[in-house]
Structures are given as structure tokens and as C-alpha cells.
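J.: What follows is the residue order along each chain.
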Amino acid sequence: DTEVTQTPKHLVMGMTNKKSLKCEQHMGHRAMYWYKQKAKKPPELMFVYSYEKLSINESVPSRFSPECPNSSLLNLHLHALQPEDSALYLCASSQDLGQGWEKLFFGSGTQLSVL
Amino acid sequence: GENVEQHPSTLSVQEGDSAVIKCTYSDSASNYFPWYKQELGKGPQLIIDIRSNVGEKKDQRIAVTLNKTAKHFSLHITETQPEDSAVYFCAASKTGAQKLVFGQGTRLTINP
Numbered sequence: 408d409t410e411v412t413q414t415p416k417h418l419v420m421g422m423t424n425k426k427s428l429k430c431e432q433h434m435g436h437r438a439m440y441w442y443k444q445k446a447k448k449p450p451e452l453m454f455v456y457s458y459e460k461l462s463i464n465e466s467v468p469s470r471f472s473p474e475c476p477n478s479s480l481l482n483l484h485l486h487a488l489q490p491e492d493s494a495l496y497l498c499a500s501s502q503d504l505g506q507g508w509e510k511l512f513f514g515s516g517t518q519l520s521v522l
Numbered sequence: 489g490e491n492v493e494q495h496p497s498t499l500s501v502q503e504g505d506s507a508v509i510k511c512t513y514s515d516s517a518s519n520y521f522p523w524y525k526q527e528l529g530k531g532p533q534l535i536i537d538i539r540s541n542v543g544e545k546k547d548q549r550i551a552v553t554l555n556k557t558a559k560h561f562s563l564h565i566t567e568t569q570p571e572d573s574a575v576y577f578c579a580a581s582k583t584g585a586q587k588l589v590f591g592q593g594t595r596l597t598i599n600p
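Residue numbers (our numbering), protein chains in the order written: chain A, 408 to 522; chain B, 489 to 600.
In case anyone wonders, no lab produced these hints; they're calculated from the structure.
Every residue, glycine too, gets a C-beta built ideally from N, C-alpha and C.
Keep in mind that a hint or two might mislead.
Derived CB-CB ranges, DEER-like [as the list claims (entries may be wrong)]:
(1) A487(A) - S506(B): 41 to 51 Å
(2) L522(A) - V508(B): 36 to 46 Å
(3) E491(A) - T557(B): 17 to 27 Å
(4) G529(B) - E465(A): 21 to 31 Å
(5) L480(A) - S497(B): 31 to 41 Å
(6) Q502(B) - K429(A): 40 to 50 Å
Below, computed lysine to any residue pairings styled on SDA-like, alpha-carbon distance capped at 25 Å [unchecked claim]:
(7) K448(A) - N599(B)
(8) K445(A) - D572(B)
(9) K443(A) - S462(A)
(10) K510(A) - D515(B)
(11) K443(A) - K530(B)
(12) K429(A) - Q533(B)
(13) K545(B) - S516(B)
(14) K448(A) - P496(B)
(15) K416(A) - G507(A)
(16) K587(B) - I463(A)
(17) K587(B) - P473(A)
(18) K425(A) - H484(A)
(19) K416(A) - R595(B)
(20) K582(B) - Y458(A)
(21) K447(A) - Q569(B)
(22) K426(A) - N464(A)
(23) K460(A) - H484(A)
(24) K416(A) - L480(A)
(25) K445(A) - G489(B)
(26) K429(A) - K445(A)
(27) K559(B) - G507(A)
(28) K510(A) - R595(B)
(29) K448(A) - G543(B)
(30) K416(A) - G529(B)
If we strip away everything but chain A, and leave its shape as in the complex, we get:
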């Protein structure tokens, strides 16, 4: 199994809503990532988890709250988002943050629209 599965595929939410994005991988990878991608732009790193601990936070606003319940799951909790947060949110995984970390496996993303 070489897949990273993200749910939901599409999400529309209001600025006062609370929602969560979910990501799952069963490749035994110990590093997991959240990226944000705007249309016609490259992915931008948001968070990195290594062995279920937050390793990198790229100065992301607190309305985005990541969580890594176990080595296979990664969540992104959303609260009080702004319309400019509308984007494709990509989850990725890699072997770990030592050897082989650079080979990222991406999910298909959640297309988020904030109204």
C-alpha cells in the first residue's frame, strides 16, 4: 500500500465553523506533513510531524491546529478560518526525518472553500 488517503475531498465551511481534515497512511512512514497549495502555486509547508511529535511549524496561524494521534494518522483542525484560507490542503508522508525523508508521498488533498 503506497497511498496517502485524505478525507474529505471537498469541504465548504463558514468563518465560524469548526472542521477537521484527516489523513492516513499505512506505509510505516514516521514523518507526516501538512501543505497548503493555492491555485497555480507550489505547495507551501505548514507543519511537520516526526514520530508523532511536532517538528516544524512554519509560523502558521493558530486557527490551524495539527494533531498526530498515532503513526498512521494526521489531522488538521480548522477554526475561525478566513476566506483567504481557501486552498488545496495536502497531506504527505515520508520514511522519517533521517534517511529518506525527502521522498514525499502526497495524498490527493482536500479542496477547502471558506465562505
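The hints should help you fit chain B onto chain A, whose structure is shown.
T.: Chain B alone, transformed into the frame defined by chain A:
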């Protein structure tokens, strides 16, 4: 920090012809250079990568070349097919950085 520039932003070629996408990087310490392909509605997929101790790497119809002196690397696709149509991103990283720096992307269109 590292900066990666990618050209062209769009590229249209006839089916069967070759396509070349070029990237330059700024940090001479960068030592890993992957290429990702992103099809519509999907996440990026790693298609080929190269490390700084190698000048060229091939995998069937795709190849990557690296010129460390000039700090640029290129993706070459030969005998292009319609399924090669996608957005391609180059990236660079260095040991210990734990993050990839992406280029701005190239939208490749293969015309039948």
C-alpha cells in the same frame, strides 16, 4: 535561504517531441533535487530525483541532469505522450534542512 527558479511557466509540445524544464537554485549547499508531477485533481507525485554526487539520472523516458557549478538542473522528457500533460515542480533541499523548496511549476501540455 534557498530560492529555486523554474522556467518556463508553461510549455506546449507536439506528441512525440521532447520537453525540457529548467531550474536554478541559489544555495550551493543544496544536495538533493527531486521532480514532482501533479495531475489535475491529484497531489504531487515524485517522478525522479538526483543527488549532488551524480550528474545525470534516467528512468525510461525521463531524465534529470545536474550542473553543480552553474547551480541548475533540468528535467528531460522524450517521446512525449498525452498522459505527460500535467504541472511539474522542481525542488531542492540540503542535509538537515528537513524541508523542500519548490520551484513555481511548469504547466506542460502535450498536443496530439
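J.: Confirm or reject each hint.
T.: Here's how the hints hold up against the structure:
1. A487(A) - S506(B): 41 to 51 Å: At roughly 49 Å between Cβ atoms, S506(B) and A487(A) fall inside 41 to 51 Å, so the hint holds.
2. L522(A) - V508(B): 36 to 46 Å: 42 Å, holds
3. E491(A) - T557(B): 17 to 27 Å: 41 Å, violated
4. G529(B) - E465(A): 21 to 31 Å: 25 Å, holds
5. L480(A) - S497(B): 31 to 41 Å: Hint holds: Cβ distance 36 Å, inside 31 to 41 Å.
6. Q502(B) - K429(A): 40 to 50 Å: 42 Å, holds
7. K448(A) - N599(B): 23 Å, holds
8. K445(A) - D572(B): The hint holds at about 22 Å.
9. K443(A) - S462(A): This hinted pair holds, its Cα atoms lying about 17 Å apart.
10. K510(A) - D515(B): Holds, because 20 Å separates the two Cα atoms, which is no more than 25 Å.
11. K443(A) - K530(B): Status holds; Cα separation ~14 Å.
12. K429(A) - Q533(B): 19 Å, holds
13. K545(B) - S516(B): 20 Å, holds
14. K448(A) - P496(B): 14 Å, holds
15. K416(A) - G507(A): 28 Å, violated
16. K587(B) - I463(A): 9 Å, holds
17. K587(B) - P473(A): 18 Å, holds
18. K425(A) - H484(A): Given pair K425(A), H484(A) holds - Cα atoms ~7 Å apart, limit 25 Å.
19. K416(A) - R595(B): Roughly 23 Å separates the two Cα atoms, so the pair holds.
20. K582(B) - Y458(A): Between K582(B) and Y458(A) the Cα gap is close to 21 Å, so the pair holds against 25 Å.
21. K447(A) - Q569(B): 22 Å, holds
22. K426(A) - N464(A): Holds, at roughly 20 Å.
23. K460(A) - H484(A): Given pair K460(A), H484(A) holds - Cα atoms ~16 Å apart, limit 25 Å.
24. K416(A) - L480(A): The hint holds at about 16 Å.
25. K445(A) - G489(B): 22 Å, holds
26. K429(A) - K445(A): Holds - the C-alpha atoms of K445(A) and K429(A) are around 19 Å apart, at most 25 Å.
27. K559(B) - G507(A): 23 Å, holds
28. K510(A) - R595(B): 22 Å, holds
29. K448(A) - G543(B): 28 Å, violated
30. K416(A) - G529(B): 10 Å, holds
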